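> Residue numbers (our numbering), protein chains in the order written: chain A, 746 to 845; chain B, 278 to 803.
Source of the hints: derived by calculation from the structure; they are not laboratory data.
Careful, some of the hints might be misleading.
Just so you have them, the derived chain A footprint on chain B, three or more residues with Cβ under 8 angstroms [said to hold, decoys possible]:
1) 362-368
2) 542-556
3) 564-575
4) 644-656
5) 771-783
Straight-line C-alpha distance at most 16 angstroms; calculated EDC-like pairs for lysine to aspartate or glutamate [said to hold, decoys possible]:
6) A:Lys816 <-> A:Glu760
7) A:Lys840 <-> B:Glu397
8) A:Lys816 <-> A:Asp765
9) A:Lys816 <-> A:Glu757
10) A:Lys840 <-> A:Glu757
11) B:Lys647 <-> A:Glu834
A few chain B residues that face chain A, going by a derived Cβ cut-off under 7 angstroms, partial list only [stated by the list, open to error]:
12) Pro486
13) Pro504
14) Val525
15) Leu528
16) Leu529
Model, not experiment: these values are computed from the prediction.
Heads up, the beta-carbon is just placed ideally off N, CA and C, and yes, glycines get one too.
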Amino acid sequence: MPLIRRNWTPAEADEWTREDWYAIVMSPLAYLLLTVGTALSMMLLPAGYLILAAGALVTILMHWVIDPKLKVVSSEYEKRQHDYLEELERSARWKEDNNG
Amino acid sequence: MTVFGFLDWLWVVLYLLIMVGAGVLFYRLGRRGQSDFFLAGRGLPWWLPAASVYATHTATDTPMWFAGVVYRYGLAGIWYSFFAAWCAISAFVSTRIFRRSLAYTQAEWNTIRFSGLGAELLRGWMSGWQVFMSMFILGWVGIAMGKVCQYLFDWPVWVGLVVFSSMCAAYVMASGYWGVIMADFLQGVIAFAVILIVSVWGMLAAGGPSGIIDKLAAMGQSSRLNPFSFSGWFTGDFPIAWFLTMMVIALLGGFGMGTSIDWYVEAQRIQSARTVRDASYSIWWGTALVLMRNAVWAPAILGFYVLYPNIQDTKEYEMAWFRIGFDYLPVGMVGFFFAGIIAIHISTISAVLNLGAMYFTRDLYLHYWKRTATETELVWVGRLATLVLLIGSFFYGLMMEEITSWLIFALWIMAAGVWLPNILQVVWWRFNAWGYLSSWIANLGLSWLLVWVLPSFGVIPELPDYQQFWVLMILGALIYVPITFLTRPDDLDHLVRYYVMSRPIGWWGPIRREAQRRGLLARANA
Numbered sequence: 746m747p748l749i750r751r752n753w754t755p756a757e758a759d760e761w762t763r764e765d766w767y768a769i770v771m772s773p774l775a776y777l778l779l780t781v782g783t784a785l786s787m788m789l790l791p792a793g794y795l796i797l798a799a800g801a802l803v804t805i806l807m808h809w810v811i812d813p814k815l816k817v818v819s820s821e822y823e824k825r826q827h828d829y830l831e832e833l834e835r836s837a838r839w840k841e842d843n844n845g
Numbered sequence: 278m279t280v281f282g283f284l285d286w287l288w289v290v291l292y293l294l295i296m297v298g299a300g301v302l303f304y305r306l307g308r309r310g311q312s313d314f315f316l317a318g319r320g321l322p323w324w325l326p327a328a329s330v331y332a333t334h335t336a337t338d339t340p341m342w343f344a345g346v347v348y349r350y351g352l353a354g355i356w357y358s359f360f361a362a363w364c365a366i367s368a369f370v371s372t373r374i375f376r377r378s379l380a381y382t383q384a385e386w387n388t389i390r391f392s393g394l395g396a397e398l399l400r401g402w403m404s405g406w407q408v409f410m411s412m413f414i415l416g417w418v419g420i421a422m423g424k425v426c427q428y429l430f431d432w433p434v435w436v437g438l439v440v441f442s443s444m445c446a447a448y449v450m451a452s453g454y455w456g457v458i459m460a461d462f463l464q465g466v467i468a469f470a471v472i473l474i475v476s477v478w479g480m481l482a483a484g485g486p487s488g489i490i491d492k493l494a495a496m497g498q499s500s501r502l503n504p505f506s507f508s509g510w511f512t513g514d515f516p517i518a519w520f521l522t523m524m525v526i527a528l529l530g531g532f533g534m535g536t537s538i539d540w541y542v543e544a545q546r547i548q549s550a551r552t553v554r555d556a557s558y559s560i561w562w563g564t565a566l567v568l569m570r571n572a573v574w575a576p577a578i579l580g581f582y583v584l585y586p587n588i589q590d591t592k593e594y595e596m597a598w599f600r601i602g603f604d605y606l607p608v609g610m611v612g613f614f615f616a617g618i619i620a621i622h623i624s625t626i627s628a629v630l631n632l633g634a635m636y637f638t639r640d641l642y643l644h645y646w647k648r649t650a651t652e653t654e655l656v657w658v659g660r661l662a663t664l665v666l667l668i669g670s671f672f673y674g675l676m677m678e679e680i681t682s683w684l685i686f687a688l689w690i691m692a693a694g695v696w697l698p699n700i701l702q703v704v705w706w707r708f709n710a711w712g713y714l715s716s717w718i719a720n721l722g723l724s725w726l727l728v729w730v731l732p733s734f735g736v737i738p739e740l741p742d743y744q745q746f747w748v749l750m751i752l753g754a755l756i757y758v759p760i761t762f763l764t765r766p767d768d769l770d771h772l773v774r775y776y777v778m779s780r781p782i783g784w785w786g787p788i789r790r791e792a793q794r795r796g797l798l799a800r801a802n803a
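Bound conformation, chain A alone (with noise of 0.2 angstroms):
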């Protein structure tokens, strides 16, 4: 099994797994660099110039790991969504839910 995964059926992407434990670690590893980086890049300081390339990178990096499977969850959501909305109206409106 490889390390980061990025083909997913729609039942393994409604998982919670290690893909998203990376995205979970890395993004705010992300800001960090990329908030600390921009700074000190302003003030032309060559550490800035590096901080903020290694955040510009992990940012790449998140991404490469999370997107397939975002993209997997959310198509296969989008297809349950009308009868959802439907659902969240009748809530609203305190109309009886025939599909509890």
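Dock chain B against chain A, hints included.
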């Protein structure tokens, strides 16, 4: 007082015409129904709500409080704004879960996640609270604009508050969220350009990056260039313990919903995105822009510090970024800067007006008052609610004296006692409406006691804000955890339905097994 030339006024008038034009242009779309008036029909590509996230969280008060902390602490002051990083984890966890619920508002989500009387009480409480908070935020942001106009034109504070918020309300009432989101995109672009130009200009006025570094060294203040310069582990007014607490609040808060006061605004953007993927990226990229914007501001404030190093009055150094623009930009560009400030201001006001109106219309009027209301009627209620919020905000705005103290109070108090319950409601099936409701009520009482009342009477010492957070979290848990276990779990059918639809993360084992036993997961994934 600043004198505007013809070109300056031209920038301002052009900008205002474009904004009002957005209202006219999208009037037809906004009036189609509540889905359009409040969520732009749920069909936006990720970059539109992302621009709105960025524009909304660039308010008139933002450069004030941000300048305040960077002037005080140097680049380390950036971390005060890192609360926005709750979106780092939220974009891939709670955003995904919330988008799948399709709830218009967090209050509506409460009745999807919880069941029975507790859930309805919670929805009523949450929506009422959000209407109040919208008014509060509108007042707090509006008065900042009043101060800017007072500084610029010597107008009384109420003039800047009333004039620009009212103009903004005109296009929000006309086109609803369609107008908000389209204007936000434009405002976001203008705001970022203005922030970049003014900040670079300010740095050059202070001698450029190398000049600022040299002057800081000569003043013995080089530590201000270090983003990780703290006053000790637990000592001083900016300790590492504070930094770590902030990181915990911001980052782990992304597993929950409502762990930041910004969540309620973002929730609307999440639901307006056309897919789950668009929702995730809109939140992630909108916040990335917010954080990088702060990083652009910070060096300019350092430039202001080397120009004016000995300002003691908070109100004075909070105006640092505005002073850079108005004191150093050439004639003709000052109007561009002011148009940018109006963009910054209006993007926040419009978003909060529409948000508060949505809570009132969807959660109070439709759900509790008139459940047979037509779509046209709901749009008109939304418009009326926008007007009421606007007028209410004028009263709140005129009651606020100092931006920083209100902001810091709000950040901590809104976060502290309900921070963990906001996560538990997402990740733990057994946490019920009564536990959550009790945590809110307990937090309101406990926070006032701990932060204001008991220290005022000398019963306890005044605790540093990061310690207040931990104490409030523990005290709150002593109330809501027992209440959760002493009351019944939510209805199993309700929980199973929620689980299948939203697929939450965390401790949902019993509900997942029940859904599998009923064959719902297999059917859902077929």
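> Now tell me, hint by hint, if it's right for this structure.
Here is what the structure says about each hint:
no., hint, result
1, 362-368, "holds (count 4)"
2, 542-556, "holds (count 4)"
3, 564-575, "holds (count 8)"
4, 644-656, "holds (count 3)"
5, 771-783, "holds (count 5)"
6, A:Lys816 <-> A:Glu760, "14 angstroms, holds"
7, A:Lys840 <-> B:Glu397, "15 angstroms, holds"
8, A:Lys816 <-> A:Asp765, "13 angstroms, holds"
9, A:Lys816 <-> A:Glu757, "12 angstroms, holds"
10, A:Lys840 <-> A:Glu757, "34 angstroms, violated"
11, B:Lys647 <-> A:Glu834, "13 angstroms, holds"
12, Pro486, "4 angstroms, holds"
13, Pro504, "5 angstroms, holds"
14, Val525, "11 angstroms, violated"
15, Leu528, "5 angstroms, holds"
16, Leu529, "10 angstroms, violated"
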